[in-house]
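What follows is each chain in one-letter form.
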Amino acid sequence: MRLTTAALLARPAAGAGTRRFVLVAGATAGAAALLIAAGRLSMLGHRGPVDTRLAPYVLEGGLRAGTVLGAVLLTVPLLALVVQALRVGSLARDRRMAGLRLAGAIPREVRAVAAVEAGGAAGAGAIMAAPAYLILWVLLGVLPPAGSKLLPAPTPADLLLWLVVAVAAALSGALAGAVVHSRALVDPLGVRRRAAVQGLRPAVLGRVVVGTVVSAVGLGYVGVRNGFTVLPIVLLAALVLAFALAPWLVVAAGRRLAAGSGAQRLLAGRRLAADPSSAGRVAAVLVVCGSALGVEAVLIDNLLSVPYGLGGTLGFYFTGYGLAAVGVLVAAAVAVLTLLVGTGDHLLDARRPLASLAALGVEESTLAQVLRRQVTAVAIPAVVCGVVIGGLTAAVLAGWNDGATPGRVRAGGHALVAAALPTAAAAVLAAAAMWLAARFAARLLRPRLREAIDPENLRVA
Amino acid sequence: MLDLTGVGHAYRRTVALRGVNLRVAAGEVVAVTGPSGCGKSTLLHVAAGIIRPQAGSVRLLGQDLLALDEADRTRLRRRQVGIVLQYGQLVPDLSVVDNVALPLLLDGQRRAAARTAAADWLHRAGLDIALDSLPAELSGGQAQRVAAARALITGPRLIFADEPTGSLDTLGGEQLLALLLDPAHRLGAAVVLVTHDNMVAAHADREVRLRDGAVAHESALR
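Residue numbers (my numbering), protein chains in the order written: chain H, 932 to 1392; chain X, 11 to 232.
Just so you know, these hints were derived from the structure itself, not from any lab. All of these numbers come straight from a predicted model, not from anything done at the bench. Errors might be hidden in some of the hints.
[Unchecked claim] Incomplete in silico selection of chain H near chain X, CB under 7 Å: (1) Ala938; (2) Pro1038; (3) Thr1086; (4) Ala1088.
[Claimed, not checked] Covered stretches of chain X (in silico footprint by chain H; criterion: 3 or more residues with CB under 8 Å from a CB of chain H, positions within the stretch not fixed): (5) 79-93; (6) 101-107; (7) 112-121.
Think of the CB as a built atom: it goes at the ideal place given N, C-alpha and C, for glycine as much as any other residue.
Excised from the complex, chain X in its bound form (with noise of 0.2 Å):
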C-alpha cells in the first residue's frame, strides 16, 4: 500500500525528515507518534504526495510518486486515497452536503447523484444536522466528522488522519476514530494516523514513534 524508502525533507535549515523508512500493509493500521516538531506531520505530507520529499522514495498504491506530475499526484489522492487534518480543511462557503460531495464533484458525476452519497455518507458519520448548514455553523466536532465523511466518499484504499482527534473532546474523538478505522476493518484498507496522544495511537495496529525526523521506535500493538 504504502513504501517509503530513506525519506529525506527539510525545511531550509531545518531538517524534518532523516532517512525515514516506512512499510503499511493494506488493512493495517498504523499510528506516526512523537513529540511536537518530530516531523510526524511532514511524513503524512510526503507519504500522501503533498510535499515532494527532497531524498529517498515513495511508492503509493503501486505507483512511484517522485514520477508522477502534481495533477496525477492529486488525481491519485482524490480517487484512492482519504486525508482528514487537525482543523481548517473544509471549503467555508460550500454547504456541508457540498464539502462532502466534492471529491465526486471534481471526478465529474452529477451534482444530484453526488448529493445523494454525500448525504448517505453524512448520515453513516452520525450527522443529525441540515445538509446545507455551513462548515461556520458546526461544531469542532460535527466538522471533523464532515471532514472525515468527504475523505471516505470515495471508498479510500488508504487513509490519513493527522491529529484527527487533536480539537475534539475523548467522546468526539472516540466517534471519529471509529468512523474513520471502519473501512480498515471492513474493507482492507489502511489507514496512518499521526497522533501525539496514546489513546489514539492505542487503536493502531503498529506504533511508529520519531524522534527529530528519524524512526527512534517501531512496536507492534497488536
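This is chain H alone, in the form it adopts within the complex (with noise of 0.2 Å):
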C-alpha cells in the first residue's frame, strides 16, 4: 500500500473523525509544550547566563528538579486525554475498518492506516506545541513579576528541543494509534471482539508486582536514607501501579453501584464495568492528583504545627504548594474532561439502546443521573484512595525523616494520627470537588444526550 493510500484512507472524516482529530492534536500540543518546557528548565545553566529574575523553584538546583518533575507529571493526564481520543468514535472507525478489510486490506495494513490516522493528529499537535509554549512561557515566564517566572525566555536550543520533541511526538501518537486499534479484532464482517483488557493477566500482574515493589523499596530509601534522588523511580513505578490497578477499581465502584436499588445505579454500574478501561485511565490519573493533594495537605499541617515558626520563608513554601495545587487542579481538569470524552463517545455509539431505553418510557432526566453517577462512581472514590494514599506516605515519610524522634511512625503511629485531620479535609474538598464536577459534566453532556435518544436513532443500525 502506497503512502498515499494510507494518507487518503486515514484523512478525518466529519463528526466524530474530526473531534478525534481536533482532541489528539491539542493534548499531544499540550503535552508536548510541557516536555519543551521541562527540557528548558532540565537546560539552564548549562549554556550561558541565567536570568536571575526567575522563582527559586527554577533557580535552585534541588528545587529546579522537582519543577521539571512537575512540569514531566502534569503530561501524565494529557497522555491519557490523547488515548482516549484515539478511541472517539471508535464504533463508527470499526465499521469503516471492516469496510476496509472487505475490500481487501490485510490486517497490518488496517494496522497502518491506523497509525497514519494518530501519528498525523499528533504530528499536527507537535506541530502546534511551538505556539503552545510560546503561551506557557508568556503565562509562566513574562507575566508574572522577577523572582516568579518560572519559564526563561525562548532561545535558538528551544528550536531544536522543540523539533526533537515534535519528531518524539509524532511516532508515539503513531504507535498509539496502532496499539489502540491492534486491541479491536477487525474482520471483514465487523469487529469479532474487543480484546478483553481485564482479569489477571500476566502482564497486568507484572505491573502490580513491578510497580508495588519498586515504590515499596523506593519509598523506604527515600524515608531511611533521604534519597531524594530516586522519587522520580519511585513516581513511575506508582504510575505504573496505579494505571494497572485502577480498571479494578473502576470494575469493583461499578459491580458496588450495579449491586445497589434502582435502574440508575444498575444501568451506570453496568456500563462501567462493561468498559473499565477508559474510566480507569481516568481513576488512575485522579488516583495520583489525590496522592499529590494529600502529601500537600499533611506537609501545609507540618508547617503551620512548627512551634518556633518559619518567619519570611513561609510564603516561599506556601508560593511552592500553591504552584503544585495549580499543577493538580489542572490535571484533575484533563482527567475529568477525559472522562467526558469518553461517555459523550458512549452516548454516540449507544444511540441506538439509549433511544429505545426512551421510548420505552425511561425519561431524560434519568438517563442524565445515569451519566452523573457513572461520573461520580470512578471520580470519588479514585481522588479520595489517592488523597489517603498520599497523606499516609507524607506522614510515613515525616514521621522517619522526624530526627528527634525516629522511628515512631513504626513504634506509636503518632505522626499517622497527626495526619488523619490534614489528610480527611482533603479528601472531602476533594470529593465534593468531584462531585461538583460531575454535576458540570453531566449537565455538558445533556445536548449530547438529548440527541441519543432522539427517536430517529431507533432507524440506526
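Fit the two chains together into the complex; they arrive one by one in their own frames, and the hints show the way.
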C-alpha cells in the first residue's frame, strides 16, 4: 500500500473523526509544550547566563529538579486524554476498518492506516506545540513579576528541543494509534471482539508486582536515607501501579453501584463494569492527583504546626504548594475532560439502545442521572483513595525524617494520627470538588444525551 | 474454482455447518438457498476465507485456504475474488469513486489510474451519480451497485454475493444481478449467490439447498 493511499484512508472524516483529530492534536500540543518546558528548565545554567528574575523553584538546582518532575508529571493526564481521544468514534471507525478489510486490506494495512491517522493528528499537535510553548512562556515567564518567573525566555536552542519533541510525539502518536487499534480484531464482517482488558493477565500482574515492589523499596530508601534522587523512579513505579490497578477499581465501583437498588445505579454500574479501561485511565490520573493533594495537606499541616515558626520562609513554602495545587487542579480538570470525552463517545455509540430506553418511557432526566453516577462512581473513590495514599505516605516519610523521634511512626504511629485530620479534610474537599465536577460534566453532556435519545436513532443499525 | 469438503463450523454451541461438500466450476452460477439460520451466510464466509472452518477443507482457486495465513487469504480475496454483502460494506467516509478504487489502491496502484478505472466501472454499473458523493447520499440500490462495481474492478475469477438484492426492489435487484452475472457469462468467472429469494435463485445454473447446516438438496436449474 502506498503512503498516499494510507493518507487517503486515514483522512479524518466529519463528526467524530474531526473531534478525534482535534482532541489528539490539542492534547499532544499541551503535552509536548510541557516537555519542551521541562527540557528547557533541565538545561538551565548549562549554557549562558541564568536569568536572575526567575523564581527560586527553578533557580536552585534541588528545587528545579522537582519543578521539572512536576512538568513531566503534568503530561500524564494529557497523554491519558490522547489515548481516550484515539478511541473517539470507535464504533464508526470499526465499521470503516471492517469496510477496508472487506475491500481487501490485510490486518497490517489496517493497522498502518490507524497509525497514520493517529500519527498525523499527533504530528499536527507537535507542530502546534511551538505556539503552545510560547503561550506557556507568556503565562509563566512574562506575566509573573521578577522573582516569580518559572520559564526563561526562549532561545534558538529551544527550536532544536521542539524538533526532537515533535518527532518523538508524532512517532509515539502513530505507535499509540496502532496499539489502540490492535485491541479490536477487525474482520471483513465487522469487529469480532475487543480484546479484554480485565483479568489477571501476566502483563498486568507483572506491572502490579513491579510497581508495588519498586514503590515500596524506593519510598523506604527516600525515608530512611533521605534519598530523594530516587523519587522520579518511585513516582514512575507508582504511576505504573495506578494505571494497572485503576481498571479494577472501576470494575469494583461499577459492581458495587449495580448491586444497589434503582435503575440509574444498575445502568451506570453495568456500563462501568462493561468498559473499565477508559474510566480506569481517568481513575489512575485522579488517584495520582489525590495523592499529590494528600501529600500537600500533610505538608501544609506540618508547616503550620512548627512551634517556632518559619518566619519569612512561610511565603516561599506556600507559593510552592500553591503552584503544586494549581498543577493538580489542571491535571484533575484534564482527567474530568477525558471522562467527558469517553462518556460522550459512548452516548454516540449507544444511541440506539438509549433511544430504545427513551421509547420505553425512561425520562431524559433519569438518563442524565445515570451519566452523573457514572462520573461520580469513578471520580470520587479514585480521588479519595489517592488522598489517603498520599497523606499516609507523607506521614510515614515525615515520621522517618523526624530526627528527634526516630522510628516513631513504626513504634507509636503518632505521625499517622497527626496526619489523619488534614488527610480527611483534603479527602472531603476533593470528593466535594469531584461531585461538583460530575454535576457540571452531566450538564455539559445533556445536549449529547438529547441527541442520543432522539427516536430517529431507533433506525440506526 | 471452489472445493469444500466436509466443512463444519459452530458458533459456541450453535452448529452452523455440518459436513458440507460443495464444488463450483469455472463459469458456473450456484445459488445457495435455505431458510433463515440454516448456515448460508456462514458457508459463504467460509468459502471466501473470511472465517476458518473448524472442520473440513476449503480449496479456493487451487489454494488450500487453511494453509494460508490471514494476510495471504486477504490478498487472494483482494486480487481474485469479489464479495458483495447485503448492506453496510462501503467505507462511509470515502467517496463513491474511492470506494470502488480501494482494491486497486490497496494493491499499490496510483490514485489517478485507480480512480479512472473506478469511474469506468461506475459507468458500467449504470450509475449516473457524482463520483465524489458519499455512500450516505446514495439510495440502497445505488449503494449495492457501487459495492458490485468494487467487487468486480479487479476482474475476479470468483464472485460471492450474500443476499445482494435483499434490500432492493424488483427492478433494482434485476439490474444488480445482471451486473454480477455478466463476468460469469463473458469471462467464465464463477458466481456463488446466497439467497432465500426464488427469483434470484432462478438465475443460477444449480441450486444447493441447506437445512440445519447441511446440504439437504442439490439440483441443476439449467
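**OP:** Any hints from earlier that this structure breaks? Give me their numbers in increasing order, please.
**Re:** Hints 1, 3, 4 contradicted; others consistent.
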